[in-house]
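This is what each chain is made of:
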Amino acid sequence: MTSYVSDRMRAALGEVVDWRVSFPISASDIRRWAVAVYYPEDPPREFWDADFADRERGGIAAPAEFNPFAWLVADQMKPAIRPERRDPDRLEKAIGIPGPGLRHQINGGTEAVYGVPMRPADVITSVTRLGEYRERTGRLGRMLITVTEVAWTNQRGETVRTGRDTSIRY
Amino acid sequence: MNRDARVGETFTTGFRRAGFAEWNRFAAVNDEFVPIHMDDAEGRAAGYPGAIGMGRLQWSYVHNLLRDWLAGDGRIVSVALRFTGPQLKDVEFAPFGRVTAIRGEEADLDVWIEDAEGATLASGTATVTLPGRG
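Those sequence lines, one after another, are chains A and B. With UniProt numbering as the guide, the letters of the first sequence map in order to residues 1 to 170. With UniProt numbering as the guide, the letters of the second sequence map in order to residues 1 to 134.
What the hints contain is simulated information worked out from the structure, not anything from laboratory work. Because the structure is a prediction, the values reported are computed rather than measured. Backbone N, C-alpha and C fix where the C-beta goes; we use that ideal spot for every residue, glycine too. Please note that the accuracy of each hint is not assured.
Stated by the list, open to error - If we take Cβ atoms under 10 Å as the criterion, some of the chain B residues that face chain A in the derived model are:
| no. | residue |
| --- | --- |
| 1 | R16 |
| 2 | A18 |
| 3 | F26 |
| 4 | G47 |
| 5 | G50 |
| 6 | Q58 |
| 7 | D68 |
| 8 | G104 |
| 9 | A119 |
Please build the complete structure, drawing on both the sequences and the hints.
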């Protein structure tokens, strides 16, 4: 059985496959995120009431899991090979090597260690490295499991989040 | 306030349902308009009974659970979650947490999401701070 992991993919482990710089986070970004993840309940006051947040929480902060890179970003790594939209081979194309060409991709898991909170006006930079490839056969057939290592910092160089994301391609 | 937290304590925000109303709102803030989250036919083509919810939204539901339990009196230090089953449209599910260790002002927890039939959709661990506990 041919491996999904080519020699070039294996040699790329540890390489930066993506970096992004967010636009400044707005209070509206935080408010809308909170509305979406708490729907149909109302989100906690700390995410939308500035007076309450100032009094009780030291100011408005985004939910820890907030994604400041949704929609457009201010700057990002230019991929060596332009991917299709939602391209499962996006990671490999970013550094100019062929991917396994699998059709589907789902989220296998996420690990995050949180540092300082994200607040309005913060600009977040993320750096993603290729961490690990594993192959496994499961309910969805033969699968390629890819782990990326991520590090987020704010405009002061403070660590916001580190972690690992696992994707499953099949 | 969880200064009274104890090892073995289990908590949940309760069973609920989610479907396109929740997934579309999350897609709008996370730019996650992916066909398997929006279209039953795409979900079936990917091997599921229909469209499935986003892993990132389950991730948020676990964070909501932890925030609810902390009640504004601590912070989430870390979370690790593995997605083991699809969250299907309008099938009841609930996030759970259980305290596994308390070390000074930090608590370690198991966290998971299960559906009404007891199937685990996601499972992992978390660490939170419990100010005033140490």
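Evaluated hints:
no.: 1; hint: R16; verdict: holds, 9 Å
no.: 2; hint: A18; verdict: holds, 9 Å
no.: 3; hint: F26; verdict: holds, 5 Å
no.: 4; hint: G47; verdict: holds, 5 Å
no.: 5; hint: G50; verdict: violated, 15 Å
no.: 6; hint: Q58; verdict: holds, 9 Å
no.: 7; hint: D68; verdict: holds, 8 Å
no.: 8; hint: G104; verdict: violated, 18 Å
no.: 9; hint: A119; verdict: violated, 13 Å
Taken one by one, the earlier hints fail for this structure at numbers 5, 8, 9, listed in ascending order.
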